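So the protein sequences, as listed, match chains Z and F. What the first sequence shows, in the numbering used here, is residues 1 to 282, in sequence order. What the second sequence shows, in the numbering used here, is residues 1 to 285, in sequence order.
Treat the hints with care, as some may be off.
Result set (DSSO-like, lysine-lysine): computed pairs, CA atoms no more than 30 Å apart in a straight line [claimed, not checked]:
no., chain 1, residue 1, chain 2, residue 2
1, F, Lys104, Z, Lys6
2, F, Lys228, Z, Lys6
3, F, Lys104, F, Lys188
Ranges between beta-carbon positions, derived for each pair [as the list claims (entries may be wrong)]:
no., chain 1, residue 1, chain 2, residue 2, range
4, Z, Pro5, F, Phe74, 29 to 39 Å
5, Z, Pro162, F, Phe74, 40 to 50 Å
6, Z, Lys6, F, Ser276, 38 to 48 Å
7, F, Glu108, Z, Thr242, 25 to 35 Å
8, F, Ser276, Z, Val98, 14 to 24 Å
9, Z, Thr18, F, Pro35, 26 to 36 Å
Here chain Z is said to cover these stretches of chain F; the calculated rule only asks that three of the stretch's residues, wherever they fall, bring their Cβ under 8 Å from a Cβ of chain Z [as the list claims (entries may be wrong)]:
no., segment
10, 93–103
11, 113–124
12, 128–137
13, 220–232
These are computed hints drawn from the structure, not numbers from a lab. Remember, predicted model here, so these are calculated numbers, not experimental data. Quick reminder that beta carbons are idealized off the backbone N, C-alpha and C, glycines included.
What follows is each chain in one-letter form.
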Amino acid sequence: MRVPPKVVHVSMLGVLWTVTLAAVFTLVGIVGWVLWHGLPDVTPQFLFSMPAESGAEGGILSVIAGTLFIIVGAVLVATPLGVGTAIYLVEYTRENWVTRVIRYGADCLAGIPSIIFGLFGYVFFVITLGLRWSILSGALTLALMSLPTIIRTAEVALRAVPQGYREVSYALGATRWQMVLRVVLPGALPGIVTGIVLALGRSMSETAAVIFTAGTVLPDRIPTSTGDSVRTLAVHFYLLATEGTAGSQPKAFATAAILVLAILVINVSAYTAMHRFLARYR
Amino acid sequence: MKREEAIRLTLLGLAMSAVTALAVITTFILKEGLPVIFRHGPASFLFGSDWSPSAEPPVFGVFAMIAGTFAVTFGALGIGVPVGLGSAIFLSEFAPRRVATILKPALELLAGIPSVVFGFMGMLVLLPFIRTHVGGQGASVLAGSTILGIMILPTVISISMDALRSVPRSYREGSFALGATGWQTTWKVTLPAARPGLVAAVILGMGRAVGETMAVIMVTGNTVQMPKSFLAPVRTLTSNIALEMSYADGEHREALFATGVILFAIIMALNTIANSVGRLGRKRS
């Protein structure tokens, strides 16, 4: 028996509505679940005091500080590399085998699992370069991980700047670099910043790559040097969640709530900024 | 013009950073991992399913973990691909404009949820649910597949949507003009035209599932054994590295890098396939 096409269409539409809502509700549900259980325990005292009893008591001030140092360090290293790559790809060359190699490298880097970055960071930064478990080792490892994000977003941003801007700049007698520095970069800046902000968010949510490079030691003070070992929010949460006793579960939820909230704020601002930026040149 | 040339070369140098990083990472992982594979024989390392690093002499076989990785990954694809592709089709072809403009960014933002949070949710909600309603201890292939299936959704959805959106409007209009319904157009015209991109989306989702570590550790039980059923606990390649790295030394540590070599090879193969399939699609359209 042949089902009328109209009936198939309507029933498929129902199926598609259902799976889409299921996907959205599951993902939103996870965020809601974490915030619901975690936010009540997020108090000023939790945010601004040092951890005690391996995290089961006290707050997470030193963890927040360690996280900030590591993720800011990572983008400080990755930004010049990534933006430089994007400028070269967009302004200084046309598509050829060199650009294909560069893109292949960035694509592959983006696909490498974080645990491999962790292994590499451990053997290269921690052991071979002798940087030990430190903010520096963690930041350098995360810098390599965020490189593809920064390259890709910066490339999109640079390409969004209209060709006419470049032509006008040449017509005024500017060299290529003057054109890039005075015209294209300022025009692309909001988009480039979006990439950097996204990289901050990705670095913040990372666990496997930092656990073997920045260490798991729970510091009882704000770190003072790049050689200090720290524990990031994601690592702290993982350890509380898996090794902790029932007593540390409220702290685990509260840490997760901070982590999720911070990442949502970062991502929302990055996406709005990018949309506004791309709309400007449309 | 000397200054301009110097600037160009500097930028070229910076542009090589990603490739250089990739080369250095590959070199170090291979250098640390390959010796132990050849010392014990590639066959016994790859196809041995006994992992006893503290035995005398130690035995390193990763086959059970390769099997565990693929069991969990294919399970994840079984959940993530139909739901992900369905959502992508809905959002790009059928959703009312207002619904799409709300749901699409929502899904993109959720790509940023840390994997540890997924794992935690799995531990506290999914494992007890499986234990009471399905059976077994809870920590299992099923639990890993479910969590990973959810985690790969944003990847699968956003890449498939790009593929669907790059199908020219005129294809759809031609189909409608012939009197096809919306679903007939999608099934017979849009989906086949977008196929390379959709395949790339599935392969990249698979890559994410194979490479995921923390969430998997928290829900699969981590017992080194061949996956006999969906309710049996397993250990994946990634979990093996993360679980033992903190205390391993000497040859044991090398064996963990060797596990990394296998993982690396699987990921590179998947990336290369996704890359060439994607290129094939671009060439055709």
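Results of checking the hints against the structure:
Our distance criterion of 30 Å between C-alpha atoms is met by Lys104/F and Lys6/Z, whose separation comes to about 27 Å. Only pairs whose Cα atoms come within 30 Å are accepted, and Lys228/F paired with Lys6/Z is rejected, the gap being roughly 44 Å. Using a Cα cut-off of 30 Å, the hinted pair Lys104/F and Lys188/F holds, with the two alpha carbons roughly 25 Å apart. Evaluation of the 29 to 39 Å hint for Pro5/Z and Phe74/F yields a pass: the beta carbon distance comes to about 33 Å.
Range check, Pro162/Z to Phe74/F: about 47 Å between beta-carbon atoms, so the 40 to 50 Å window is met. For the pair Lys6/Z and Ser276/F, the supplied restraint of 38 to 48 Å holds, since their beta-carbon distance comes to about 40 Å. For Glu108/F paired with Thr242/Z, a C-beta distance near 29 Å keeps the hint of 25 to 35 Å intact. Our hint of 14 to 24 Å for Ser276/F and Val98/Z holds, since their Cβ atoms are close to 19 Å apart.
Under the hint 26 to 36 Å, the C-beta atoms of Thr18/Z and Pro35/F, about 53 Å apart, miss the expected range. Judged by the Cβ-Cβ criterion of 8 Å, the segment 93–103 of chain F is covered by chain Z as claimed, because 3 of its residues qualify and three suffice. Here the segment 113–124 of chain F counts 10 residues with a CB under 8 Å from a CB of chain Z, which clears the bar of 3, and the coverage holds. As drawn, the segment 128–137 of chain F meets chain Z at 0 residues by the rule of a beta-carbon pair under 8 Å; below three, the given contact is violated.
Proximity of the segment 220–232 of chain F to chain Z, defined as three or more residues with a beta carbon under 8 Å from a beta carbon of that chain, is not established by the 0 residues found.
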